[in-house]
Amino acid sequence: MNRQVTRVAWTAMALIVALILGTTYWQTWARPGLAARQDNEIQRVAEFQVRRGLILAPGRVLARNRAVKRNGKTLYFRRYPQGKLTANVVGYSTAARSRAGLEKSMNGVLTGTQQNLSSLVERQLDEARGKPIVGDTVVTTLDVHAQQVALEQLGRTCGAVVALDPRSGKLLVMASSPSYNPNFVETQFSKVGKITANCRPAAPLVNRASQGLYPPGSTFKVVTASAALESNRFAPDSEFVDPGYCIAYGKRVNNFDTERPFGRLDLATALKYSVNSVFCNIGKALGAKRILEQAKKFGFYERPPLETPDGERYPSGLYRNGELWYPTHDSDVDAGRMAFGQERLLVTPMQMAMVAGAIGNAGILMRPYVVDRIVSPRGTTVSRTEPERLDRPVGPLNARDIGDMMVSAVQGGTGTAAQIPGYRIGGKTGTAETGVAGLNTTWFIAFAGKPNARPEVAIAVALERQSLTGGATAAPIARAVMEAILSARGNP
Amino acid sequence: MSARNRELATLLLAGIIASTAFASAWISGLAAIDYGWLPWAAVFGAMVIVAHAVARWTVPDADPTLLPLVALISAIGLVFVYRINPDDGRRQLVWIAVGFTVFCLALVWLRYDYRVLERYKYVFGVSAIVLLMLPSVPGLGQEVNGVKLWVDVGPLRFQPGEIAKIFLVIFLAGYLRDKREALARGRLKDFGPLLVIWGAAMLVLVQTSDLGSALLNFGIFLAMVYAATARFSFVLAGLVLFAGGAAVLYDSLSRVQQRVTVWLQPWTDEKVVCSINGRLEYRQNCDSYQLVKSLYSIANGGYGGTGIGRGTFETVDGTPLIPYLQTDFVYSAIAQELGLIGAAAVLLLFLAVVARGMRVALIAHDGFSKLLATGLAFGFALQTFIIVGGVLRLVPLTGITLPFVSYGGSSVVSNFLLLALLLLVSHRAVRTAPS
Numbered sequence: 001m002n003r004q005v006t007r008v009a010w011t012a013m014a015l016i017v018a019l020i021l022g023t024t025y026w027q028t029w030a031r032p033g034l035a036a037r038q039d040n041e042i043q044r045v046a047e048f049q050v051r052r053g054l055i056l057a058p059g060r061v062l063a064r065n066r067a068v069k070r071n072g073k074t075l076y077f078r079r080y081p082q083g084k085l086t087a088n089v090v091g092y093s094t095a096a097r098s099r100a101g102l103e104k105s106m107n108g109v110l111t112g113t114q115q116n117l118s119s120l121v122e123r124q125l126d127e128a129r130g131k132p133i134v135g136d137t138v139v140t141t142l143d144v145h146a147q148q149v150a151l152e153q154l155g156r157t158c159g160a161v162v163a164l165d166p167r168s169g170k171l172l173v174m175a176s177s178p179s180y181n182p183n184f185v186e187t188q189f190s191k192v193g194k195i196t197a198n199c200r201p202a203a204p205l206v207n208r209a210s211q212g213l214y215p216p217g218s219t220f221k222v223v224t225a226s227a228a229l230e231s232n233r234f235a236p237d238s239e240f241v242d243p244g245y246c247i248a249y250g251k252r253v254n255n256f257d258t259e260r261p262f263g264r265l266d267l268a269t270a271l272k273y274s275v276n277s278v279f280c281n282i283g284k285a286l287g288a289k290r291i292l293e294q295a296k297k298f299g300f301y302e303r304p305p306l307e308t309p310d311g312e313r314y315p316s317g318l319y320r321n322g323e324l325w326y327p328t329h330d331s332d333v334d335a336g337r338m339a340f341g342q343e344r345l346l347v348t349p350m351q352m353a354m355v356a357g358a359i360g361n362a363g364i365l366m367r368p369y370v371v372d373r374i375v376s377p378r379g380t381t382v383s384r385t386e387p388e389r390l391d392r393p394v395g396p397l398n399a400r401d402i403g404d405m406m407v408s409a410v411q412g413g414t415g416t417a418a419q420i421p422g423y424r425i426g427g428k429t430g431t432a433e434t435g436v437a438g439l440n441t442t443w444f445i446a447f448a449g450k451p452n453a454r455p456e457v458a459i460a461v462a463l464e465r466q467s468l469t470g471g472a473t474a475a476p477i478a479r480a481v482m483e484a485i486l487s488a489r490g491n492p
Numbered sequence: 001m002s003a004r005n006r007e008l009a010t011l012l013l014a015g016i017i018a019s020t021a022f023a024s025a026w027i028s029g030l031a032a033i034d035y036g037w038l039p040w041a042a043v044f045g046a047m048v049i050v051a052h053a054v055a056r057w058t059v060p061d062a063d064p065t066l067l068p069l070v071a072l073i074s075a076i077g078l079v080f081v082y083r084i085n086p087d088d089g090r091r092q093l094v095w096i097a098v099g100f101t102v103f104c105l106a107l108v109w110l111r112y113d114y115r116v117l118e119r120y121k122y123v124f125g126v127s128a129i130v131l132l133m134l135p136s137v138p139g140l141g142q143e144v145n146g147v148k149l150w151v152d153v154g155p156l157r158f159q160p161g162e163i164a165k166i167f168l169v170i171f172l173a174g175y176l177r178d179k180r181e182a183l184a185r186g187r188l189k190d191f192g193p194l195l196v197i198w199g200a201a202m203l204v205l206v207q208t209s210d211l212g213s214a215l216l217n218f219g220i221f222l223a224m225v226y227a228a229t230a231r232f233s234f235v236l237a238g239l240v241l242f243a244g245g246a247a248v249l250y251d252s253l254s255r256v257q258q259r260v261t262v263w264l265q266p267w268t269d270e271k272v273v274c275s276i277n278g279r280l281e282y283r284q285n286c287d288s289y290q291l292v293k294s295l296y297s298i299a300n301g302g303y304g305g306t307g308i309g310r311g312t313f314e315t316v317d318g319t320p321l322i323p324y325l326q327t328d329f330v331y332s333a334i335a336q337e338l339g340l341i342g343a344a345a346v347l348l349l350f351l352a353v354v355a356r357g358m359r360v361a362l363i364a365h366d367g368f369s370k371l372l373a374t375g376l377a378f379g380f381a382l383q384t385f386i387i388v389g390g391v392l393r394l395v396p397l398t399g400i401t402l403p404f405v406s407y408g409g410s411s412v413v414s415n416f417l418l419l420a421l422l423l424l425v426s427h428r429a430v431r432t433a434p435s
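Chains as they are written, first to last, in our numbering: chain A, 1 to 492; chain V, 1 to 435.
All the pointers check out, no bait thrown in.
Listed next, the stretches of chain V that the computed footprint assigns to chain A, with coverage defined by at least 3 CB atoms under 8 Å from CB atoms of chain A: (1) 227 to 233; (2) 340 to 350; (3) 389 to 400.
Since the hints were made in silico from the structure, they are not lab data.
Predicted, not measured: the structure shown is a model, and the values here were computed from it.
Note that beta-carbon positions come from the ideal geometry of N, C-alpha and C, so glycine has one too.
Turn these sequences into a full structure, and let the hints guide you.
The following block contains the structure:
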């Protein structure tokens, strides 16, 4: 019988060996695939055992940790001391709803997974000793006080304010209204869902500053004017005749105020008073593609560069059926209407702040950034963002000319509400029709700084569902925010 | 060195490993250096020493490795059951004590000649059927998770199927020893009583939906018939019957279909009908939830494991990730915390038990002893394969216990009985060896 018993024995032992092989498969080959799966809660628990790095702004803590002991494990949950003030930039990191904002895009830094070799070894040692992994701290460029002013100014109005330092590209303010309290996302999300504002849906989780796509209205005239001067076919003193309207594609396009045509005027005056018919004619003369090429140099047709998640920044440009679209022929687009910001143009406040900043900064567009530096748990700076030139959409002389036109618009044109004594401010208003009377999107874009110096701030304000003009609604908000930023830096 | 002295030496080695495991689980649970684990190690150690002393008296020439192997496996099992649920850990310690008692009683009772069991083979066969049917008796049986496998005796809940498995092996060993030549010649009428008792057992198991045990008993049956008759054609015929039976079951039992679908495709990219609530869900979030979470747990162990007490078995908000972790899925806890190295080591302990058990069968002199040891050792291996293979997605998952490791009284007690029988057989084989 022993021969059979031996065979049964081999079979029995083969069964156990198969189990060892099976275990090997799951713990080696299949391991990375399983770890990457969305429904793998073990990975999520591991993430919550990491003491995430802080998120700071000058003088403020934007995100910190709260340690909770549970089943012999220490889990770290996020607290956001600034509440709704910086919610749309900082975002949130929760178990219930994953992550958003910098918490999402900087996750690798904040959890210490993006580190050099020596800290990797240290990390393994800490893990073996049972110490929590501590991530790196992210220091942002945000001016929280100005951010607060922006949100207060927006109030219950849906819209956004973006302010940059055009000399470096530092993001100072990125306010989206309505905002939400990120501390509620984990446990009281229904409260976030109940937030209301003067638009519906209020969509507080949407960062309108970089995800809000609005028709730019007359603020786009700055882009058109840039294209006009850069083409060398027009100059600031080029003469036009304004009949109060312009015929584009056989249709009459009216000025904002058709009752009082300007008659003979030059390009500078047209920008100062935002005369549609002039820009309509420039558009027809240049063609749509030439203007769009200029817009591209300002950053249109790309997601504006910033450290927030890609999905939270939308590119500006012509949109067709909800998708970004670039025309193949000039005749695909009504260049006359596009030239003063109508047609199918949709832009983000972020993009328009970049436009204003580049004009103010002698035509140089700096790459916007919000992460100033990354600091290790021991306090040493791991990396620091160096200001970087993104493009030069306009030559220095043309930039100065357009800047002067914008300054005159604030001094005595459409944007007088943005004046701040002692500062040189150039601005452009916008009132974009949405098709519903009395529910316009209003704009103000501007740069401001001490006289005879490069501007310190560039701003874009966009407001939804407004019955008045951009000069009356958006310009005062821009003024308040710019004042908050400038006064903190010392009076002239 | 005598067999029992070697056993003692090996037990000391096992004791060191087990104590380290006890200490790890205890200290990681408190996150502080503490000696609260010492009573556990002492109580467990005392039980092992008593068992060793009884073996020294009753079966001095028995295999010296089996007791230390089993002691170590059950200590590891105890550590993990405690680590997952301390209350279950305390109960498991009591059950292990009962198991050691049964082990000692069996050794004492059968110390002269265990082959008396052969005389009562039909008693064992019939009582196996009775035991299997007990849970279906109204008022006595308890239904847990839609399966009727338990009997309440006073405060204790008992799963008679585990004992019935050993009784069936005793019956088969006795009957096959008796009839093996006739069977080998293929005389059909000799299969009668065999098929009646075995068939009844299988019917009961299928009726109670205990598919894991049905598969286990079927496997043991085939292995023993083959060992007795040397007719591989019987195994083939059995496998054909199994395939036919499986096909019939597949059509009639939705439970079987569900197990097979989960096995073949635990993850879906699209939502499918969930058999639990009838809604559309991803299968990994519904029918195969348990299996998938258990695979994540195993994978998380990697090469070295997280360390005892450092594995993740709860979500961020503290709810358990894997239902029945301490029973059916205890292996996925072991694999996560001990890693590939540790889990493979535990499996090698099982392999060693199987190898030593089979060696007992080889050195035994009479047919009953050989068949008994073969059946017990093969059953041990197959049971391990069915549950761990199910957890590892090698075979469809059916809930049976991992011998000596899973939380559960009947399993622990009946496996200690299995150990006693193997020691008795090996003692006799050595003692009566014609040297």
